[in-house]
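K.L.:
With the hints as constraints, model all of the structure from the sequences given.
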Amino acid sequence: MEIDKSVKKVIKKIKERYGNSSDLNTRIIKKKDKEIGILFLESASSTSTISDFITKSVIVENKPLLKTIFNNLKNTLYTSQLFIIDNFDDFPYYLSSGFTIIVTTNSKKAIIMETRAELDRGITEATSEPTLRGSKDSFTESHSKNLGLIRKRIKDENLWFEELKLGRRTKTRATISYIKDIADQNKINQIKERLKKIDIDGILDSGNIRDYLTKQKSIFPQIKSSERPDLACQELLNGKIIILIENCPFILILPTVFLDYIKSPEDQNQKSINITFTRILRFIALIITIITPALYIAIVTYDQNTIPDKLLISLAVQREGVPFPTFLEIIIFMTIFDILRESDIRSPANATTAMSIVGALVLGQSAVDASIVSPVTIIVVAITSICSLIFQDTDFINSIRLWRFLFILSSSLLGLIGMLSMSLIWITKMATLENINTSYLSPISPLELSANKDTILKLPTPRIFKRPKYISDKNQTKQRRINK
Amino acid sequence: MEKITSLEYNTLIWFIIRACFVELTITKVLALTKQDSWISILIGIIIGLIPFSIFEYIKNKYPNYNYIILNKKLFKYGNIINLIILIGCIILSTCIFWILVHFANSLFLYKTNPLIISIAFIIPICYASTKEMHIISKVSLIIFYISVIFNIMIMTGLTSEIDISNIKPLFENKSKIIETSLIFTALNITKIFFLNIIPKNKVINHSSKINYLTYFITTINLLDIALSSVCIFGIDLATIYEYPAFQILKRVNILGIISKLESILAIEGIFSIFIVITIIIYYAKAIIIQTFKPKEKTNKYITISICSIILILNNIMFQTKEEANSFFIEPLIYIIYIIFVFLPLITLVKSLYHTENIK
Amino acid sequence: MKKLLLIICLILCGCTDYAELNNLSIVTAMSIDKDEDNYKLSVLIANSPKAQTTSKEGEAKTTVYEGTGKTIAEAIKVIDKKSPKQLYFSHINVVIISKEIGKEGFLKTADWLIRHPQTRDKFYLMQVDDDKASDILKIISPLESFPSQSIATLIESSQNAKSTGDTASYSNFIGRVLETGYEPMMYTIKINGDVKKGSKQSNLETAMPNTYLSLGPLAIYKNDKLIDTSTNKETETIQIINNEIKELIYKIKYKNNNINIFSNNIKTNIDIENKSTIEIKVKAKGSIYEIDDYLNIRELKEINNLEKAWNKSIKKDIEKLINNLKYKYQSDIFGFGNMIYKNYPDRWKQIKNNWNEQFKDLNIKVKVNTKITSTGNLTKTLKEGESWKK
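Chains as they are written, first to last, in our numbering: chain A, 39 to 522; chain B, 6 to 364; chain C, 78 to 467.
Calculated directly from the structure, the hints in this document are not laboratory data.
Hints are not guaranteed to be accurate.
[Claimed, not checked] Simulated crosslink set (DSS-like; lysine-lysine; CA at most 30 Å straight-line): (1) C:K154 <-> B:K326; (2) B:K136 <-> A:K235; (3) A:K348 <-> C:K199; (4) B:K326 <-> C:K185; (5) B:K173 <-> C:K154; (6) A:K253 <-> B:K8; (7) A:K255 <-> B:K302; (8) A:K348 <-> C:K158; (9) B:K39 <-> C:K299; (10) C:K328 <-> A:K348; (11) B:K205 <-> A:K512; (12) C:K437 <-> B:K173; (13) B:K207 <-> A:K512; (14) B:K173 <-> C:K352; (15) B:K8 <-> A:K507; (16) B:K181 <-> C:K352; (17) C:K147 <-> B:K116; (18) C:K277 <-> C:K117; (19) C:K403 <-> B:K173; (20) C:K159 <-> A:K348; (21) B:K33 <-> C:K185; (22) B:K173 <-> C:K159; (23) B:K8 <-> A:K218; (24) B:K33 <-> B:K181; (25) B:K207 <-> A:K253; (26) B:K33 <-> C:K429; (27) B:K116 <-> C:K117; (28) C:K426 <-> B:K179; (29) A:K348 <-> B:K255; (30) A:K230 <-> B:K136; (31) A:K253 <-> B:K298; (32) C:K199 <-> B:K326; (33) B:K173 <-> C:K302; (34) C:K302 <-> B:K39; (35) B:K173 <-> C:K358; (36) B:K173 <-> C:K277.
[Said to hold, decoys possible] Ranges of calculated distance between the beta carbons of each label pair, as one might list FRET restraints: (37) C:E151 <-> B:I263: 56 to 66 Å; (38) B:I263 <-> A:E200: 49 to 59 Å; (39) B:I169 <-> C:K385: 31 to 41 Å; (40) A:F199 <-> B:M160: 46 to 56 Å.
Quick reminder that beta carbons are idealized off the backbone N, C-alpha and C, glycines included.
P.N.:
As structure tokens, then:
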């Protein structure tokens, strides 16, 4: 739609569109016979910037240098970001984004200036992925700040940002970020294609678009999200692709493989041999947290011959008088633990003390004393849940929980054999998963030895020469060999 | 079909050769040749090179086609040959499945109805065989890691128990050595036939040398299992057990602390059977698809129906263990040799006279 | 409520292998007596909770159930009816049999123990000499929480030496019976003191327990039948030859002295030289442990003589034992026949039917090599010999 030549009409139309919203500010300044209209949304833009620079320059700078007032304004406005549009339909988007629009009489074009208000918090410490040794900043809700956090780490012109707008109503900015000469173009195209297909009224968080980016059903998350810029930059340098969504401090990293979840961004900053040990611990914790309750049920109710003599007798005596079958015991207490964890996340900080007392004393100690549950069950549940909390990604923890439940079910049906067939199903399922041409179990299956220098093992950085091939086979060499 | 890596292909060889050894072959071999079973296995390894080389030759000669399509191209009645192979597939997979169920039934869940156990096993097998070959091979690579860990555990746990003098006196049962090695070859090595579903050019860096190396590593590992069962128990004790290779696991004692691991370590033997049956069902499915060319949507249902046929056959084919055991020795081995060695041999001979290029 | 849950669980499980731990009676030891035609079987159940205290402490009182039957399985059936919980056999540590069963032939009884899917073959098999086998299970041991464990520890650290419990294991016994040219042995166990007092908890309350168990000498078998029980001295020699001794305290008489030599480095090799000669080589290194009279141990010559005396003494022991095996027991417990079978199978075919006689003609050489490496903490004896007498 064209922009009307009359300023008053334009303002009227905009007011109609916004339903006379109270935060829509308009001002008409008369210069000789011509009118200059200033439009902005008070809620989204910074009023002081507008009055200090724009209004001032409009009012004060009145020497006519050029023929039309429009061109005159274009050259004299005190602003760094200025562009011109000629479509009236774009007005609401810019207004909502905090831009100021200047329209003049007899002009089919409008001047747009960035006067966005600081509506976000500053850069704070990462709360969901805390680290001991590493940069402390985290992504925020501000899109340009987020881009800046990446830009300031990688000062390379090959770091490209491609922007898309998602959501019919929210018009959320989504930026695909990658390093041009490292990332796999095929993967970028696939991601773009999938993002372009999205036609929904609103995207508010990066979590919303995750499901559009994967094709297979899976319990395990196939796209990692993070709020750490240092991790984002590490992954960019490995050839991965980052998607940033406006108003969301969590970015998406593609392609993600299973073993990415046992990595932590601070791993790169510490002694590699210690990190290898830590990662082995995390891997063991992963296995423990998935199979321990199921293994316990299988061993205790089917294959008792696996338990050493003294332990078996002590277990049997401890179970005396417990009314529930073992698997029910485990399921009840796993559920209670999950409820505890959930309420711990939701509740305000000062309620957690009460909760931990209830959890630890009432549910642990008293339940044992009342013979509702045997002490070993509590230990098993505790070990399982502690191990699951090693991982930072909530989606990952929750999907572990679901598989753990399936394992419990199978082992309570058929003991070790049930567990075995469930684990075969699990392995098959994991092998089936792939996203944008990357197998979920890479690089251990299919095996890529050189990429395994930084998976469960972590070699010192001077000894990792190549980028993982499963991410991108372009521009493989990461660093030159130093001849000692 | 996506390409698979050479390593994955070799893990498939590893599992296919290992399958059924702990559960069936070792019992038969020990019963027939006693202390000399290691000699018969050694000869079996050499005899096994013949079918192995036939398969490798065919694979190298026609790198673009799998065996099923090749049969159709080479022979006028290729479809009939393929259908015979299909019958062989179903018989063999039913037998192997029976062995698996019986193994689990007598060692893990001896009070449970075998039907329930067979359902528990057929579900993952069916699920895996609906997948494509590159996924099955990925699964086999993952299981291979576990298998290697278990093997190392078994080896470290058993070294102190081995008494090598138990294999003496040598050549006490000379007359049956060749017969036994033929049984070994039939039950363990000829199953590599099923890998000709993967044409050579679908394997990245396919190399016959590495395949032969894997062949020898795997068979020597089997030789080691047979030797250690004899050496640990002494031949007289070893032959009274139904599963001597399982019984030696009861002796596993790692560093004097970790023991009683037999139930967990025996799972290793089940893995290989899982892979083999999955591949056989995949093979059978491929034959049906190639022969009748059904719509792509029905592929899933073909697998499910093959699995249910196996499940039903498994429960009605053998009433008693003795019936099964006698079937495994006489008819099954002839069936294996006719279908899985003789037919490829014909293909080989035909291909020697067939010089024109197939497109 | 409990029943409802159980039904749900049964529907869910659908099979009978499912067993909760508190529904199991864990059998840790078993004794088999024979009384005319019937087997009298006792099983020791380890997980019956203590009567008064809360059962959370993990301590257990033991319970013994008895049953009789024509076969072992029949007796088990009788016990199964008595026990409120399902019997669970996979943790059997010890099986004790009576002398009568040994005399009659053990294989008859042995089948169940190895055929049952739950049992493992690595438990200890022992025999009682004069007592009833079932009494052993009733004795409450002062140091271990349940009797089967006390028997196991008894074997693992037996009286005069720390012998590995290999000979005592069931699979070893069965293997020896089945193997060609090998005869088995079995440890014996005996009760010292009164059985009735020993089976009461009060046995624990005194500082010096009235009744306790101790390990006896080895019983020598032929095929699966008991021949005789060896003496303590013979048992020690058998243990030396079987390489089962880790620590040996050996007493010799030398020049009016009773000298004890401590050795933890004894190795025996049995080699076959030819069809009819077998050589037993013993290598021992030891230190002086105790001298009760004067001996000039500073002189090398004296030590050498002592070595020779020790050497001679061991050699004499072994030769005496071999002689007894040949003529008194007529049992080839060291598997000399097996060695001939393994190395000269043709020769074995000729002599196997007549092995009893051939064993007597077998030429067994004994070579002992001893060395005394240290004199302990002292450099001389406390008694100063002649000078002290003045």
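K.L.:
If a hint holds in the structure, say so; if it doesn't, say that too.
P.N.:
Verification of the supplied hints:
no. : hint                          : in the structure
1   : C:K154 <-> B:K326             : holds (26 Å)
2   : B:K136 <-> A:K235             : holds (28 Å)
3   : A:K348 <-> C:K199             : holds (16 Å)
4   : B:K326 <-> C:K185             : holds (25 Å)
5   : B:K173 <-> C:K154             : violated (42 Å)
6   : A:K253 <-> B:K8               : holds (21 Å)
7   : A:K255 <-> B:K302             : holds (19 Å)
8   : A:K348 <-> C:K158             : holds (26 Å)
9   : B:K39 <-> C:K299              : holds (24 Å)
10  : C:K328 <-> A:K348             : violated (38 Å)
11  : B:K205 <-> A:K512             : holds (27 Å)
12  : C:K437 <-> B:K173             : holds (24 Å)
13  : B:K207 <-> A:K512             : holds (23 Å)
14  : B:K173 <-> C:K352             : holds (15 Å)
15  : B:K8 <-> A:K507               : holds (16 Å)
16  : B:K181 <-> C:K352             : holds (28 Å)
17  : C:K147 <-> B:K116             : holds (25 Å)
18  : C:K277 <-> C:K117             : holds (22 Å)
19  : C:K403 <-> B:K173             : holds (25 Å)
20  : C:K159 <-> A:K348             : holds (24 Å)
21  : B:K33 <-> C:K185              : holds (26 Å)
22  : B:K173 <-> C:K159             : violated (49 Å)
23  : B:K8 <-> A:K218               : holds (28 Å)
24  : B:K33 <-> B:K181              : holds (12 Å)
25  : B:K207 <-> A:K253             : holds (25 Å)
26  : B:K33 <-> C:K429              : holds (28 Å)
27  : B:K116 <-> C:K117             : holds (27 Å)
28  : C:K426 <-> B:K179             : holds (16 Å)
29  : A:K348 <-> B:K255             : holds (18 Å)
30  : A:K230 <-> B:K136             : holds (28 Å)
31  : A:K253 <-> B:K298             : holds (27 Å)
32  : C:K199 <-> B:K326             : holds (27 Å)
33  : B:K173 <-> C:K302             : holds (27 Å)
34  : C:K302 <-> B:K39              : holds (26 Å)
35  : B:K173 <-> C:K358             : holds (22 Å)
36  : B:K173 <-> C:K277             : violated (53 Å)
37  : C:E151 <-> B:I263: 56 to 66 Å : violated (37 Å)
38  : B:I263 <-> A:E200: 49 to 59 Å : holds (55 Å)
39  : B:I169 <-> C:K385: 31 to 41 Å : holds (36 Å)
40  : A:F199 <-> B:M160: 46 to 56 Å : holds (55 Å)
Hints 5, 10, 22, 36, 37 from the list above are not met by this structure, while the remaining hints are.
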